[in-house]
Amino acid sequence: MDRKFHLIKPRELAVIGAVLAAAAAAVFIPKLIGGDGAEAVIRCGDETHTVSLSTDREFTLEICGDTVFEISDGRIRIKNALCPDKHCEKTGFISSPSESIICVPEKIIITINSSSSDEDKTDASVG
Amino acid sequence: MQKSALALMAACMMFMNSCSAEENTAEEKNFFAMDTAVSVKGNGQCADTAEEIFLRLDGIFDRYSPESDIYSLNQRLDTDISQDTQEIITRSIELSDKYGDQVSIFAGDITDCWNISADTPKIPSLTEINAALDSFSNSSFSLETMSFADEKGSIDLGAVAKGYALDKISDALPDDSWSVISTGSSVLLHGEKPDGNKFTVSVRDPETGGSLGMITSDACFISTSGGYERYFEADGKRYSHIFDLSTGCPSETDLTSVTVICQSGIESDFLSTLIYLGGTQLLEEYMSSGNFGVIAVTENRDVYVSDGVDFQLTAQNYKLKEASDG
Chain A
1 MDRKFHLIKP RELAVIGAVL AAAAAAVFIP KLIGGDGAEA VIRCGDETHT
51 VSLSTDREFT LEICGDTVFE ISDGRIRIKN ALCPDKHCEK TGFISSPSES
101 IICVPEKIII TINSSSSDED KTDASVG
Chain B
1001 MQKSALALMA ACMMFMNSCS AEENTAEEKN FFAMDTAVSV KGNGQCADTA
1051 EEIFLRLDGI FDRYSPESDI YSLNQRLDTD ISQDTQEIIT RSIELSDKYG
1101 DQVSIFAGDI TDCWNISADT PKIPSLTEIN AALDSFSNSS FSLETMSFAD
1151 EKGSIDLGAV AKGYALDKIS DALPDDSWSV ISTGSSVLLH GEKPDGNKFT
1201 VSVRDPETGG SLGMITSDAC FISTSGGYER YFEADGKRYS HIFDLSTGCP
1251 SETDLTSVTV ICQSGIESDF LSTLIYLGGT QLLEEYMSSG NFGVIAVTEN
1301 RDVYVSDGVD FQLTAQNYKL KEASDG
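Chains A and B supply the protein sequences, listed in that same order.
Using this note's numbering, the letters of the first sequence map in sequence onto residues 1 to 127.
Using this note's numbering, the letters of the second sequence map in sequence onto residues 1001 to 1326.
These are calculated hints, taken from the structure and not from any lab test.
Accuracy of the hints is not assured; some may be wrong.
[Stated by the list, open to error] Reference excerpt, derived from the structure (chain A facing chain B, CB under 10 Å, subset only):
no., residue
1, E58
2, F59
3, D85
4, T91
5, G92
6, S95
7, S100
8, I102
9, K107
10, I108
11, K121
12, A124
13, V126
[Unchecked claim] Here are a few chain B residues that face chain A, going by a calculated C-beta distance under 8 Å:
no., residue
14, A1026
15, N1030
16, D1035
17, T1036
18, N1138
19, S1182
20, G1184
21, S1185
22, V1187
23, G1196
24, F1199
25, R1204
26, G1210
27, S1211
28, M1214
29, T1259
Backbone N, C-alpha and C fix where the C-beta goes; we use that ideal spot for every residue, glycine too.
Produce the entire structure from the sequences given, and follow the hints as far as they go.
As structure tokens, this is what we get:
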């Protein structure tokens, strides 16, 4: 067979294929395992920690002491708060960028980052 | 030919990055002040300006801090009162004179008597409530001497402090800058966004905490009052942190949330509390004022929106009502 009809060598094809597969994986895998790829940003004092909402679990964070967080069905809540008034526990689960959980005594703020739906991209929420 | 693969890879990465590259010029900051979390986004040193003003005013307005002006006034100490404290007191009295004294900064004894943010809140006795009501309704404050006439009355700036702070920040920010400063219940939208679009602000669903709907607006101040955010439960009943100054008890309004949009922070704070307290009965007179926009939610899940407010209701189980329906 004449070499000049080969526009792409098999080895190059393999490289391009691998790149495309990697790109596809980077785009789709988070969607498969994480719903819409939503994350919660947990701020404690001046420290920030980002967690994926894709796996149900209960956990604590070094930066937040013994406060217990819970992730369930792509939502997050403060399950056990250290503060006396427990307002942040009463907030319950949040899952949308327009929601937040705030604990003033413990200086904890939880917000949601969503990789999807543009309609959620508001400048602020009030109430 | 390896180059084409690299180029393809680079193109893929650029494509992926383009989704997150927006807003990279905006500063963002979160801090705690005035018993709430404040979030700031924008340009023109807005983050530092907002933090400096919030912390400074918190220091002089916090009535529980012995260093504050309000503590001095409430304890009848003879100290110099800062310009800001004089101004917020004067503005608050003007607002009570103009719109109604159902919202007053002199009801600190009523808030104290219920002490709803205590570890174990309890319902005060009738004697305690009556004593607090007497202290409030017979209090007399002189703007000339910046002092109380006698031992009656106690200042609590809770209803207006955040709005006042937002007014001061708005004054301090450069005219050609833009920013969004939110304290949860009060928001300042300053300037014009870099993309030229109007600001969008989600209003909280008073029952679920999700989104009730969306306000689209140019620069303005927005404030929401509701009984759901801070409350305590005793004997199976939920008590709001907003007080009815005629009874000395937590408000039993039939509104669940009131949002006011206007061109002054302290005024939007004051009015959202006032309209919330008035309930649906007094709602109509505020819906057509012209100077401010109102979004009011009733316990029957009716939503009233005044003319001129661009509000898109998104929560499914609420319905929009015309102001004249009520």
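Here's how the hints hold up against the structure:
Violation of the interface hint for A:E58 is found here, the shortest Cβ-Cβ separation to chain B being roughly 21 Å, above the 10 Å cut-off. Taking 10 Å as the C-beta cut-off, the interface hint given for A:F59 is violated, the closest approach to chain B being about 22 Å. The interface hint given for A:D85 holds, since its Cβ lies 6 Å from the closest Cβ of chain B, which is under the 10 Å cut-off. At a threshold of 10 Å, the smallest CB-CB gap from A:T91 to chain B is about 6 Å, leaving the interface hint in force.
Among the interface hints, the one on A:G92 holds; its C-beta lies about 7 Å from the nearest C-beta in chain B, closer than the 10 Å criterion. At a threshold of 10 Å, the smallest CB-CB gap from A:S95 to chain B is about 8 Å, leaving the interface hint in force. Evaluation of the A:S100 hint against chain B yields a held restraint, the C-beta minimum of about 8 Å falling below 10 Å. Below 10 Å, beta-carbon pairs count as interface contacts, and A:I102 has one with chain B at about 5 Å; its hint therefore holds.
The interface hint given for A:K107 holds, since its Cβ lies 5 Å from the closest Cβ of chain B, which is under the 10 Å cut-off. At a threshold of 10 Å, the smallest CB-CB gap from A:I108 to chain B is about 9 Å, leaving the interface hint in force. The closest approach between the C-beta of A:K121 and any C-beta of chain B is roughly 8 Å, which is under the 10 Å cut-off, so the hint is satisfied. The beta carbon of A:A124 is positioned within 10 Å of a beta carbon in chain B (closest approach about 4 Å), and the interface hint is therefore held.
A distance limit of 10 Å between C-beta atoms decides the matter here; for A:V126 the minimum to chain B is near 5 Å, and the interface restraint holds. The closest approach between the C-beta of B:A1026 and any C-beta of chain A is roughly 11 Å, which is over the 8 Å cut-off, so the hint fails. Hint status for B:N1030: holds, given a least beta-carbon distance of 6 Å to chain A, under 8 Å. Below 8 Å, beta-carbon pairs count as interface contacts, and B:D1035 has one with chain A at about 6 Å; its hint therefore holds.
Proximity of B:T1036 to chain A holds as hinted, the smallest CB-CB distance being about 6 Å (cut-off 8 Å). Given the 8 Å rule on beta carbons, the hint for B:N1138 is violated: about 32 Å separates it from the nearest Cβ of chain A. A least Cβ separation of about 4 Å between B:S1182 and chain A falls short of the 8 Å threshold, and the interface hint therefore holds. Here the hint on B:G1184 is kept, as its CB sits about 7 Å from the closest CB of chain A, short of 8 Å.
Proximity of B:S1185 to chain A holds as hinted, the smallest CB-CB distance being about 7 Å (cut-off 8 Å). A least Cβ separation of about 5 Å between B:V1187 and chain A falls short of the 8 Å threshold, and the interface hint therefore holds. This hint is violated: B:G1196 has a C-beta 14 Å from the nearest C-beta of chain A, more than the 8 Å allowed. A cut of 8 Å between beta carbons decides the hint on B:F1199: the least distance to chain A is about 5 Å, and the hint holds.
Interface restraint check for B:R1204: the shortest CB-CB distance to chain A comes to about 3 Å, inside 8 Å, so the restraint holds. The restraint placing B:G1210 at the interface with chain A holds, with a minimum CB-CB distance near 6 Å, inside the 8 Å limit. Given the 8 Å rule on beta carbons, the hint for B:S1211 holds: about 4 Å separates it from the nearest Cβ of chain A. Interface hint status for B:M1214: upheld, as the beta-carbon distance to the closest one in chain A is roughly 6 Å, under 8 Å.
The restraint placing B:T1259 at the interface with chain A holds, with a minimum CB-CB distance near 6 Å, inside the 8 Å limit.
When the structure is compared with the earlier hints, violations turn up for hints 1, 2, 14, 18, 23 and for no others.
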